[in-house]
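**Q** Protein sequences, first through last, are from chains S and E.
Counting in our numbering, the first sequence runs from 1 upward without gaps.
Counting in our numbering, the second sequence runs from 1 upward without gaps.
Since the hints were made in silico from the structure, they are not lab data.
Please note: incorrect hints may appear among the correct ones.
[Claimed, not checked] In silico PhoX-like cross-links for lysine-lysine, where the CA-CA straight-line distance does not exceed 25 Å:
#1 Lys2(E) to Lys67(E)
#2 Lys56(E) to Lys96(S)
#3 Lys96(S) to Lys57(S)
#4 Lys11(S) to Lys57(S)
#5 Lys56(E) to Lys67(E)
#6 Lys67(E) to Lys111(E)
#7 Lys96(S) to Lys71(S)
#8 Lys57(S) to Lys2(E)
#9 Lys11(S) to Lys42(E)
#10 Lys57(S) to Lys71(S)
#11 Lys96(S) to Lys111(E)
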Amino acid sequence: DTGVSQDPRHKITKRGQNVTFRCDPISEHNRLYWYRQTLGQGPEFLTYFQNEAQLEKSRLLSDRFSAERPKGSFSTLEIQRTEQGDSAMYLCASSKDRGAQPQHFGDGTRLSIL
Amino acid sequence: QKEVEQNSGPLSVPEGAIASLNCTYSDRGSQSFFWYRQYSGKSPELIMFIYSNGDKEDGRFTAQLNKASQYVSLLIRDSQPSDSATYLCAVNRGNQGGKLIFGQGTELSVKP
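Put together the whole structure using the sequences plus the hints.
**A** Pasting the structure below:
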């Protein structure tokens, strides 16, 4: 089966612009997760969906960040009014929904803010 | 105190040796434990997961869990240069899925 797909792979934008990333999970996976990773650190949780329901959102996530999964399939993560500190790798993962199933990651979207 | 702690390394071992990677966690209610391998510039790749106390073996990899000591480890036998990567320990608090809490990762270097 195909893995988690993320688009774009790289995004370079100017500070203050809005950006949107897309994630397509593994087809039979109902859970979808977004993480952010900066150099030298482990991934940091942002938010997670079970089907179309957003079940948890990190308290560290500013209101400039929003995520959707309208039909329970692909998801989008939007960052409004980007700041230098938003530069990071944005990772999407998916898993099955029975118990604590392992999460499988996509290749990520690397965001660079100029 | 960080929720999940790992030595950042680098840990250097000769080819063919056993590499031992360690991780401690602070939440005693944690139920599920995962090891990911991450090559430079790439995304994390699942290596092992373990839910019960004791050892779990998969090929050259063995995960060890001690919930009383809040400690999980990964042993890599017959280490190869291709094992050189950052190894991330991740913890899930419940047993119903949800977010993973990651350590900062341990960089492993296997010298030929």
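**Q** Checked against the structure, which of the hints given earlier come out wrong?
**A** Those not satisfied are hints 6, 11.
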